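Number of protein chains: 2
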Amino acid sequence: MNRREALKIGSAALLSSAASGIQAAESKSANVERWDIFEENFPGPGGGNPFLDIWIRAVFRKGNREVWVDGFYDGNGVYKIRFMPDELGGWKFETDSNAPEMKGKKGLLQCTPPKSGNHGPVGVRDSYHFGYADGTPYFPFGTTCYAWIHQTDELQKQTLESLRSGPFNKIRMCIFPKWYQYNHGIPPRFPFPRVNETNDYNHFNPEFFYHIETRLAELRAMNIEADLILFHPYDNWGFQEMPAEVDDRYLKYVIARFAAYRNVWWSLANEYDLMRKKTNEDWDRYARIVTETDPYSHLRSIHYSHAPYDYSRSWCTHAGVQDYAFEKAPQWKKDWRKPVIFDECMYEGNINSRWGNISGEEMTRRFWLCTVAGAYGGHGETYVRGDEIENDKAILWWSHGGVLKGTSPQRIAFLRKLLDEIGAEGGDRIGLEAVEPEYYLGAKRNSNQALLWYFDFHQPSYYDFPLPESVNFKAECVDPWGMTTKPLEGLFSGKSRIKLPGKPYQAIIFQKVWLHSGRDEEAPKS
Amino acid sequence: MNRREALKIGSAALLSSAASGIQAAESKSANVERWDIFEENFPGPGGGNPFLDIWIRAVFRKGNREVWVDGFYDGNGVYKIRFMPDELGGWKFETDSNAPEMKGKKGLLQCTPPKSGNHGPVGVRDSYHFGYADGTPYFPFGTTCYAWIHQTDELQKQTLESLRSGPFNKIRMCIFPKWYQYNHGIPPRFPFPRVNETNDYNHFNPEFFYHIETRLAELRAMNIEADLILFHPYDNWGFQEMPAEVDDRYLKYVIARFAAYRNVWWSLANEYDLMRKKTNEDWDRYARIVTETDPYSHLRSIHYSHAPYDYSRSWCTHAGVQDYAFEKAPQWKKDWRKPVIFDECMYEGNINSRWGNISGEEMTRRFWLCTVAGAYGGHGETYVRGDEIENDKAILWWSHGGVLKGTSPQRIAFLRKLLDEIGAEGGDRIGLEAVEPEYYLGAKRNSNQALLWYFDFHQPSYYDFPLPESVNFKAECVDPWGMTTKPLEGLFSGKSRIKLPGKPYQAIIFQKVWLHSGRDEEAPKS
Chain A
3 MNRREALKIG SAALLSSAAS GIQAAESKSA NVERWDIFEE NFPGPGGGNP FLDIWIRAVF
63 RKGNREVWVD GFYDGNGVYK IRFMPDELGG WKFETDSNAP EMKGKKGLLQ CTPPKSGNHG
123 PVGVRDSYHF GYADGTPYFP FGTTCYAWIH QTDELQKQTL ESLRSGPFNK IRMCIFPKWY
183 QYNHGIPPRF PFPRVNETND YNHFNPEFFY HIETRLAELR AMNIEADLIL FHPYDNWGFQ
243 EMPAEVDDRY LKYVIARFAA YRNVWWSLAN EYDLMRKKTN EDWDRYARIV TETDPYSHLR
303 SIHYSHAPYD YSRSWCTHAG VQDYAFEKAP QWKKDWRKPV IFDECMYEGN INSRWGNISG
363 EEMTRRFWLC TVAGAYGGHG ETYVRGDEIE NDKAILWWSH GGVLKGTSPQ RIAFLRKLLD
423 EIGAEGGDRI GLEAVEPEYY LGAKRNSNQA LLWYFDFHQP SYYDFPLPES VNFKAECVDP
483 WGMTTKPLEG LFSGKSRIKL PGKPYQAIIF QKVWLHSGRD EEAPKS
Chain B
3 MNRREALKIG SAALLSSAAS GIQAAESKSA NVERWDIFEE NFPGPGGGNP FLDIWIRAVF
63 RKGNREVWVD GFYDGNGVYK IRFMPDELGG WKFETDSNAP EMKGKKGLLQ CTPPKSGNHG
123 PVGVRDSYHF GYADGTPYFP FGTTCYAWIH QTDELQKQTL ESLRSGPFNK IRMCIFPKWY
183 QYNHGIPPRF PFPRVNETND YNHFNPEFFY HIETRLAELR AMNIEADLIL FHPYDNWGFQ
243 EMPAEVDDRY LKYVIARFAA YRNVWWSLAN EYDLMRKKTN EDWDRYARIV TETDPYSHLR
303 SIHYSHAPYD YSRSWCTHAG VQDYAFEKAP QWKKDWRKPV IFDECMYEGN INSRWGNISG
363 EEMTRRFWLC TVAGAYGGHG ETYVRGDEIE NDKAILWWSH GGVLKGTSPQ RIAFLRKLLD
423 EIGAEGGDRI GLEAVEPEYY LGAKRNSNQA LLWYFDFHQP SYYDFPLPES VNFKAECVDP
483 WGMTTKPLEG LFSGKSRIKL PGKPYQAIIF QKVWLHSGRD EEAPKS
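Keeping their order, the protein sequence lines are chains A and B. The number in our numbering is simply the position in the first sequence, starting from 1, with 2 added. The number in our numbering is simply the position in the second sequence, starting from 1, with 2 added.
One thing to keep in mind: the hints can contain errors.
Note: identical chains are not told apart, hence a pair may lie in one copy or across any two.
[To be verified] Mimicking DSS-like on lysine-lysine, the simulated pairs with C-alpha atoms at most 30 Å apart in a straight line are: (1) Lys505 <-> Lys419; (2) Lys505 <-> Lys330; (3) Lys501 <-> Lys395; (4) Lys488 <-> Lys407; (5) Lys407 <-> Lys505.
Please keep in mind that the hints were generated in silico from the structure rather than gathered at the bench. Here the structure is a predicted model, which means the values were calculated and not measured.
Whenever a hint applies, use it, and build me the whole structure from the sequences.
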């Protein structure tokens with residue numbers, strides 16, 4: 003299919019490609035940036051029910067690699083195949099379908115080097131941490147806006163602006179709309195056609211999914227990972243209790259459409275244990291479908307309310323816990339052999355609900371506690387104005403997005419910058435492990451290049467830091483709330499007694515001192 | 003023995019009686035205030051080894067009650083019997099001894115009404131709480147000065163002054179001297195005669211115990227309970243690894259001397275699990291000796307470091323935990339059927355050690371968390387000045403006593419006053435049970451007369467309080483750190499939405515409104 007053929011296809015589909023930043027196949031050989039999306043449209047049967055009756059897939063080949071991807075029906079008689087190439091050079095593809103006119107279609111694509119800012123998808127690195135496919139470190143600083151894509155266009159634009167200037171590089175967001183306190187509006191789009199308030203589960207609404215794709219592309223352009231929540235219990239329209247075959251079809255449709263976005267993560271559910279109609283077998287099946295169907299093995303997890311999930315299970319790539327026992331993370335990492343994200347550790351705000359009214363100081367503290375526990379924090383915000391309480395119309399970042407009002411985001415930005423600065427030096431990322439779990443929480447970087455102590459509510463006037471011998475460190479005293487750093491005089495090696503500010507919530511960062519030659523400076527014998 | 007006979011006894015023994023506030027027996031019938039000490043001296047054998055060879059005891063009879071108490075040798079040929087009468091009226095006593103001259107001695111004492119301020123010993127009340135024997139409520143507000151009685155006289159006097167003006171009504175203190183960081187001095191007295199740095203375990207040093215008695219009497223005069231720690235591991239002189247028969251003799255000697263002080267509690271040990279030479283069987287034996295030998299059944303517990311003790315065991319009257327999981331207290335109370343005291347929940351201070359450097363804010367918070375968990379907090383203080391660190395000579399309240407320097411004591415005083423005010427109204431004490439353990443911590447008084455919410459790091463702008471129906475409450479907003487209370491307008495009944503300050507660490511107290519007739523005001527139907 004060439005450009006001219008593509009033009010014959012309905013305008014909705016074309017809009018989709020343009021707005022989603024997808025590089026449509028130009029003639030037989032398209033150029034596609036590594037980890038961007040190659041998309042090919044195929045005219046096919048428009049009659050009957052294409053969603054149920056017709057399937058199309060394609061295999062992409064390079065050398066002796068074969069990657070199979072499922073296509074999907076996008077309405078208006080158009081079927082699509084999307085592919086995210088991860089290897090530079092020429093790829094061949096060939097379609098298969100039960101519709102003769104879409105079977106055996108062949109083509110070429112040329113995978114070109116990624117442009118600046120495109121680091122590829124995020125994966126697990128060093129067992130407990132994350133990194134981009136191109137080797138760039140990735141330290142999750144997540145936030146939560148469950149239903150931001152189901153708000154007005156104006157509000158969504160505002161959310162994107164807030165994200166652009168904010169500290170976050172990951173966002174938890176639901177595919178299905180949300181019905182919950184302060185969330186009792188009618189969403190502008192539904193995933194299925196609705197007639198007389200009934201979902202037509204035999205069809206999808208492509209426009210619903212296309213809308214999400216535009217948002218995924220916008221997040222991708224900002225290097226924000228989209229932690230997509232596939233199911234959730236806060237529902238008013240039946241999506242939490244669909245028949246099993248609809249669940250499965252929905253998952254496959256979502257994967258066929260979204261998986262080529264490099265910034266997608268899969269979260270099977272938010273608070274899965276509150277979805278009373280689902281059984282453990284259902285969750286196992288969803289996990290299997292996502293694992294087997296996603297050609298790129300995007301990150302996968304699940305989020306609970308009360309019943310901790312067994313994150314040692316092989317399908318999970320990381321843990322996404324709702325917990326506040328940050329000090330347990332080092333043990334959990336050992337138990338599960340995976341990174342731990344505290345993706346919900348309460349929200350900064352002032353609403354009635356206990357989970358939605360911690361102070362900005364406490365949220366800041368929790369990010370530091372997560373960090374020194376070798377885990378990752380998750381932000382959210384639930385501030386309501388007095389006049390908004392009674393009318394149930396408040397715009398809360400946690401669900402609607404909008405504007406950040408809290409005091410923690412700038413402190414989270416400060417922490418992120420601090421960790422970036424340490425991580426950037428060695429080209430490797432902070433590898434956080436608990437130091438002295440019986441004592442202060444500590445975090446150390448791989449090979450002891452950097453060490454971080456956070457003193458929480460402790461306020462020692464001095465502390466004997468058990469630094470490694472034979473390494474010289476420089477040190478900075480950090481005030482996480484005041485957002486200041488103050489270098490300490492001298493170099494430190496081995497057990498080092500250091501005078502501290504004697505006030506709570508302070509931190510000390512040690513960084514290995516490198517000679518300009520690139521070799522370690524020898525530690526003085528003491 | 004009459005007054006003239008008593009005068010013949012060595013001056014040390016007489017000094018003891020006078021300084022300890024003991025009411026010596028005057029002629030055959032002495033008047034003794036209820037819960038004060040009746041003491042009778044008996045001249046007996048001074049040769050050989052009275053500590054090992056001679057025993058004396060007495061039975062005190064009133065109506066058909068018999069109370070046996072052990073006597074003790076006080077040196078200089080004098081043996082003593084002490085008795086704390088708990089019932090008004092006439093008591094008869096008769097001695098028994100293996101020394102013929104001390105056998106069959108008889109006498110009378112008249113137990114007179116207690117003077118103002120003497121409420122008797124503290125016992126468990128309503129399963130989970132405490133009260134004085136005369137019915138006055140007792141809400142423990144404890145502090146810790148492990149080794150204050152082993153300091154200079156001047157420092158001990160300063161400690162007593164600090165206690166007099168401070169908020170505490172209980173003090174944890176060791177009988178044996180202490181050897182530990184910042185505690186490397188030589189104590190002025192030892193419990194056993196020491197020759198060539200070796201303890202003579204066949205003798206006690208009465209002066210050591212007499213000194214403690216003067217302190218017990220001074221604490222008693224201030225209504226401060228002495229939580230006496232019988233063993234501890236921070237030792238440089240062998241007291242943590244005495245032979246079993248010396249341990250047992252020591253316990254009996256201590257009980258014979260101290261049990262008549264109404265303000266004594268027995269703590270078998272501080273951090274018992276760090277005393278590596280002791281077995282579980284040893285601890286069981288100590289518990290049995292204390293339980294069987296103390297005629298008054300003073301409060302009994304034990305304190306651990308890492309290994310939680312099984313406080314359900316029948317010999318313990320209450321739990322004295324070293325833990326920070328305050329929210330677990332309601333469950334522990336159910337499990338153990340006993341009051342829970344967090345007698346060590348870290349100390350306000352600034353030393354190197356993690357347990358000794360929490361902020362005053364955090365210590366204040368912990369007292370509130372204990373309170374709303376229906377448990378009781380324990381204070382301690384470890385502030386060191388920069389110039390004191392290197393010379394190991396600092397005076398830290400936690401061990402030496404002296405002057406309180408922290409910011410939490412005045413806030414603890416504020417909390418104590420607040421609870422006193424609520425408790426005083428109904429004549430009964432706050433009976434604290436967790437309300438809504440899944441939500442905010444709450445504490446309620448017996449019969450719902452008062453309810454307390456503490457919001458910790460939560461900062462709701464409003465909250466729907468689930469108050470009981472058919473009861474009217476007045477409410478106050480409390481700032482535990484600012485030490486202010488602000489009455490809220492109106493009365494509240496049933497589910498009540500109340501606007502809150504929207505800042506963390508605030509509390510609300512509800513008090514039932516009583517009509518002047520003494521009957522409950524009827525709640526309005528809403």
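Against the structure, the hints:
1. Taking identical chains as interchangeable, the C-alpha atoms of lysine 505 and lysine 419 lie at most 30 Å apart whether they share a chain (23 Å) or sit on different chains (28 Å).
2. In this homomeric assembly, lysine 505 and lysine 330 come within 30 Å of each other (Cα to Cα) both inside a single copy, at 25 Å, and across copies, at 28 Å.
3. Taking identical chains as interchangeable, the C-alpha atoms of lysine 501 and lysine 395 lie at most 30 Å apart only when they sit on different chains, with a minimum of 18 Å there against 51 Å within one chain.
4. With identical chains, the CA atoms of lysine 488 and lysine 407 are at most 30 Å apart both within one copy (28 Å) and between copies (28 Å).
5. Within a single copy, lysine 407 and lysine 505 get their C-alpha atoms as close as 27 Å, and across copies as close as 15 Å, so both meet the 30 Å cut-off.
This entry satisfies every hint, going by the numbered hints stated previously.
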